[in-house]
Amino acid sequence: MVFPRIASNEPIRRLPAVCPLWRWAIVALWGLVPSNADAVDFETDVAPILQSRCLGCHGPAGEGGVRLDRFDDAAETLVPGDPGASRLIEQVSGREPAMPLDGDPLSGAEVETLRAWVAAGASWPQDRLLEDGPASDLDWWSLRPIAAVEPPRPGHPIDAFLDARLEDAGLDPFGPADPATLYRRLCYDLTGLPPDPERAATFSALELESVVDEMLASEAFGEKWGRRWLDLARYAETHGYDKDKPREHAWPYRDYVIAALNDDKPYDRFVQEQIAGDALFPGDPDGVVALGFLAAGPWDFIGHVEVGEAKVDGRIAKHLDRDEMISAVFNVFASTTVQCAQCHHHKFDPVSMEDYYRLHAVFAAVDRADRPIGPGRGSDEGTGSDEGAGVGKRDERAKETVGGTGRTVFAVATEFEPQGKFVATGGDPRPIRRLNRGDIRSPGDPMSPGMPPLWPGADAEFVLSPDADEANARAALALSLTRPENPLLWRSIVNRLWHWTFGRPIVETPNDFGRMGAKPSHPRLLDYLAARLRDDPRHSLKSIVRLLVTSEAYRRGSGHDAAAAEIDSGNVNLWRFNRRRMTAEEFRDSLLAISGLLRVEDRGGPSFRDFVIEKPKHSPHYEYHLHDPDDPACHRRSIYRFVVRSQPQPLLTALDCPDPSLSVPGRDESTTAVQALAQWNNRFVESMSRHFGERIGRHVGDPKDRAADPVGFACETALGRPPDERERELLEAYLREHGAANLARVVFNMNRFVYID
Amino acid sequence: MQRRNFLAGGLAGLALAELLGRDTAAAELQGVVSTPHHRPRAKRVVQLFMAGAASPIDTFDHKPLLSRRHGEPWDPGESVELFQSKPGACFGSPWKFRPYGESGKQLSEIVAPLGEVVDDIAFVHNVVGKTGVHSQGTLLQTTGFQLPGFPSGGSWVGYALGCETENLPAFVVLPDHRGLASNGAKNWGNAFLPAEHQGTVIRPGDDEPIADLHPPASDFVTPASEREGLRLLQALNRRHAQSRPGDDRLLARVRSYELAAAMQIEATDALNVSSEPSYIQAMYGLAPEGPGVDDREINAKAESEFFGRKCLVARRLLERGVRYVQVWSGNDNGHPRRNWDSHEDVKRDHGPLAIGMARGAAALIRDLRQRGMLDDTLIVWTTEFGRMPCSQGSKGRDHNPFAFTNWFCGGGVRGGTYGESDEWGYKPLDRDRPTTGYDVHATMLHLLGIDHTRLSVRHNGIDRRLTDVHGHVIREMLS
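In order, the protein sequence lines correspond to chains D and X.
Residue 406 is where the first sequence starts when you use the working numbering, and the numbers rise one by one after that.
Residue 13 is where the second sequence starts when you use the working numbering, and the numbers rise one by one after that.
Each hint should be verified, as a subset may be incorrect.
Only part of the chain D face toward chain X is listed, based on derived beta-carbon distances under 8 angstroms [what the hints assert, rightly or not]:
no. : residue
1   : Asp450
2   : Pro453
3   : Gln456
4   : Cys745
5   : Gly964
6   : His965
7   : Asn983
8   : Arg984
9   : Met987
10  : Ser1066
11  : Asn1086
12  : Asn1087
13  : Leu1135
14  : Arg1157
Result set (EDC-like, lysine to aspartate or glutamate): computed pairs, CA atoms no more than 16 angstroms apart in a straight line [what the hints assert, rightly or not]:
no. : chain 1 : residue 1 : chain 2 : residue 2
15  : D       : Lys650    : D       : Asp542
16  : D       : Lys947    : D       : Glu614
17  : D       : Lys826    : D       : Glu714
18  : X       : Lys142    : D       : Glu614
19  : D       : Lys947    : D       : Asp668
20  : X       : Lys55     : X       : Asp387
21  : D       : Lys947    : D       : Glu714
22  : D       : Lys716    : X       : Asp387
23  : D       : Lys752    : X       : Asp475
Quick caveat, the hints were computed from the structure, so don't treat them as lab data.
Each residue gets a CB set at the ideal place from its N, CA and C atoms; glycine is no exception.
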């Protein structure tokens, strides 16, 4: 055989240039080998393997000087009729194949197909050029248009869908929860705070709607649901990475989220503002503050400020920074994992590498930096328009407390004070190229702004006027994403609202509706809700939440039914309500509220810090153990806590408060010894026990006085209901022996307290 | 109120009855890899992490050429882009090297204590990073990814294999007491794995080595209120669980308080280093003054105490069934410098740090061996990248992510050198066959009986692995 053998451990990409004479010889040989079409067919068997497994690098990019997309080049790796001598076969077979470099080895069947194809002469149709197109199309549940669905029966639409399924499954739904249980559930789900004992005592299911309306109208609603949004938005107030410097001006975005939810801002507008509010709503401060979303994730201070883009490491940092931003936009607003297309076309969903790098072009001019909020409501300029008075109030408050830092937000910006090597673009987008294998050192074609065409008729490339500035590209993205035709936007958000109400989502993977994600348990119900939100001229999130919590399904008990559990142990069909544990923030807020210390009206503005910073100059040390839990400045709701990335708050972390560097669709519920230690021994719990003990102590009196009922007071205040006989007996005995503060400590650790039925 | 008193009557008193009634040995917490993918050679791991980037060419990777050319212009024949500076002159190591062991492996005098065990160590001098930025480089070594949001190697191992004891966490972290390295707790975060797989921080020598292990100072908590309060709590919570059948979480929470009690006993015992004979304490380099040893100026005695104590505690944790211990040498980049990031003065910082590290690590290896535990305990020594063969200023070295050293020792590893750097210690000798952090992780998992390509968790549409889509087991190293 004339083809040169190469040592087997040498990667294919270092194939030496083949002498033209040999190339001629192979081409000549090609024609002589009879093709054996019966065995392996190039188009149906071989091309798909090359396309899906090889061309990401060995297409036009020609990594390592090897191309497998066209005959002339591929021939250099093939010896027709002799698989054993063919470099292609050798590289992909064996115990630890050299190729693919960045992926799982080919399956045995795939290798055999290639081997058989080469053995049969490696026929390649003349002039056939293989394209490395994404393997997937729009034929997937989440990408199809939202179906026009009517509830299958009259009555409450949610129950109509669920009941039909329960009947089909042969499940009897659980009866309604008792009023005190339902009231406590509503309080935590809608406001994140414990029930008012007097309201709990008199609540009747008949007043459900008015109570729900009252809660939805309360400021506490935005504080509870805002926390969920901030989890998704990977919000924190330090940069993360090395040094982990504080972000003094992140909080206006937090206040924006709370206000937007409380004001029931139309969902499309809420999304638009967070991507391109500056361009779409000029003059509206919300349009700038909302851009805190894009900047909320971690930021590599060293990579940007000390290294800078003149160096490869600085360009890598900048690339990763944009990737983080893009991922957040698509994971959160469209439940699409575009980040999978960084090194190759998305293997499962219709996102090509070009689509992905077009998104880089959209964000090519922006950086994460402090940005003036601009003239607006309640500011020195005092335009004082009525709309958005909420922001104005917060601004005033900020001015009073910290000398006007409320005029600035940490967001994306194209103008800011240079800091070391970190210099603003002034609005000129950085040139963006497709990066072969995601490698900054291997740039391909230049890319212009666009997005993956995720629904029929969507444009991949944005048509922008020649004099468009960078914000126009973000505006085009925001408008595209929020179109009524985008099925992902609407399905994604109603799935989240369902998740946050019923404790489990309809689609188990809320940030991924692609082929690697889960399918909806109730697809028709999901589409009904998505269409309802889309077609509502106000695109009101509150109206969907209201619909959900006024259903019978929401009002069911969370008890056990052996027969139902036999059929549906995971409660996919919602035959009962899902019991849940308090979140970390609910636990903390509850202890403060029950102890009578929660400064519930102290809303917005700079965050409280329940740590002491040591060595602030270089790498701040955030020392939680040095902080005094009795400090009233910290007796605010946990959403106003200063969230540190490198040093998470120990008590809340033990209670499953997640890593703020990730977009988190829902909280974990772990149960560990470390958690028990924290709940029993943490200084904050000790302090709150002392304060609640003082409150309980005021109810201790003459045992003959029926009004003097400290245990009754403790249970009604903390658990939202009076104790039963046995509880009363045990708790009273303990109170007599060890006092009210110790009683409070026990109550704060009770399952009845930390679980919400 | 003395904390010790609580041990007699607090959570611990509560748990004793429970503990006596159970076969604790059988109570192994299972991981997801209940059947190993192949025969495991190691059961547990100690990761020794040198924060700030330790210089191989001053410790384990002898480069005589640098000493010969010391002070001459350095020209590796290509343009060099450094993190902080422009390449200076050739910078020979300020320390002498000499051969050790049967292999004759050259070690610097500042890691001489490891000479005694050098034949057990598998050195890899051609590890390459992806970046010269500390935070990204550190994450790459601890989590396999350059950006935050991915589980630590220790979290993956705990997730895969569970714990051999219920009474201690599977994954324990012993940070430098002077501060956390770059990224802080992200280096031992569970990210998208279940929360119980996050590393639990223990600070040996601290007043409160484990957060919330004991009740805080309090004007109302007494031993009796503690004991009876927990009894009451457990009774109430059991009743609550019984009235709500079909929900395992409720009894699990009851149980978590019993495990907390067991942890109080077990962790307190594990940290009681003073129960070790004095020759063992001396072997690990513990100072007579203990953790309060004077380190106003960086010095070898203090560094030995700090690192040695952590190594000794690591051994005591491993003996008690902890699966993965991460030991840190060096803090953040604050000043005065107490980490390996020797931009200013290699001699000043690397000297004491390396001697302290080598004493503790050598003692750990010898001690594990004499207890028969070295055969199934894997030690992995790592750092975020290396340092340049040229000088920065006159006494310091800049970052070198192009070639640095990792070493392995123990369970299933054959001593030797696997992967060389070039004559400068600048890049791998064979530039086409470097070793990556992925390979290091793949090899670690392999030794634990895990195929790194089969340990994955789907997160946001991707089956995530510790090794991303990379990684080859360093097979030549396996014994």
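A quick look at each hint next to the structure:
Of the supplied interface hints, the one on D:Asp450 is violated, with its beta-carbon coming no nearer than about 25 angstroms to a beta-carbon of chain X, more than 8 angstroms. Nearest Cβ of chain X to the Cβ of D:Pro453: about 20 angstroms, over the 8 angstroms cut. The hint is violated. At its closest, the beta carbon of D:Gln456 sits 18 angstroms from a beta carbon of chain X; the interface hint therefore is violated under the 8 angstroms criterion. The beta carbon of D:Cys745 comes within 6 angstroms of a beta carbon in chain X, closer than 8 angstroms, and the hint placing it at the interface holds.
Satisfaction of the interface hint for D:Gly964 is found here, the shortest Cβ-Cβ separation to chain X being roughly 7 angstroms, below the 8 angstroms cut-off. Look at D:His965: its Cβ gets to within about 4 angstroms of chain X, closer than 8 angstroms, so that hint holds up. At a threshold of 8 angstroms, the smallest CB-CB gap from D:Asn983 to chain X is about 10 angstroms, leaving the interface hint violated. Taken as an interface hint, D:Arg984 checks out: its beta carbon lies about 6 angstroms from the nearest beta carbon of chain X, inside 8 angstroms.
Annotation: D:Met987 was flagged as interfacial toward chain X, and the flag is violated, the nearest CB pair being 12 angstroms apart, outside 8 angstroms. The interface hint given for D:Ser1066 holds, since its Cβ lies 4 angstroms from the closest Cβ of chain X, which is under the 8 angstroms cut-off. At about 4 angstroms, the closest approach between the beta carbon of D:Asn1086 and any beta carbon in chain X falls short of 8 angstroms, and the interface hint on this residue holds. With a cut of 8 angstroms, the hint placing D:Asn1087 at the interface with chain X holds, because the nearest CB-to-CB distance is about 5 angstroms.
For the restraint placing D:Leu1135 at the interface with chain X, the shortest Cβ-Cβ distance is roughly 6 angstroms, inside the 8 angstroms limit, so the hint holds. At about 5 angstroms, the closest approach between the beta carbon of D:Arg1157 and any beta carbon in chain X falls short of 8 angstroms, and the interface hint on this residue holds. The straight-line distance between the Cα atoms of D:Lys650 and D:Asp542 is roughly 44 angstroms, outside the 16 angstroms bound, and the hint therefore fails. As the CA atoms of D:Lys947 and D:Glu614 are separated by approximately 13 angstroms, the hinted pair is consistent with the 16 angstroms bound.
Restraint check for D:Lys826 and D:Glu714: the C-alpha separation of about 8 angstroms stays at or below 16 angstroms, so the hint holds. About 58 angstroms separates the Cα atoms of X:Lys142 and D:Glu614, which puts this hinted pair outside 16 angstroms; it is violated. Taken as a hint, the D:Lys947 and D:Asp668 pair is honoured in the structure, with Cα atoms around 9 angstroms apart against an allowance of 16 angstroms. A C-alpha spacing of about 9 angstroms is found between X:Lys55 and X:Asp387, which places the hinted pair at or below 16 angstroms, so the restraint holds.
Distance hint between D:Lys947 and D:Glu714 is unfulfilled; the C-alpha atoms sit about 44 angstroms from each other, more than 16 angstroms. Among the hinted pairs, D:Lys716 with X:Asp387 is inconsistent with the structure: their alpha-carbon atoms are about 45 angstroms apart, more than 16 angstroms. Using a Cα cut-off of 16 angstroms, the hinted pair D:Lys752 and X:Asp475 holds, with the two alpha carbons roughly 12 angstroms apart.
Hints 1, 2, 3, 7, 9, 15, 18, 21 and 22 from the earlier list are contradicted by this structure; the remaining hints agree with it.
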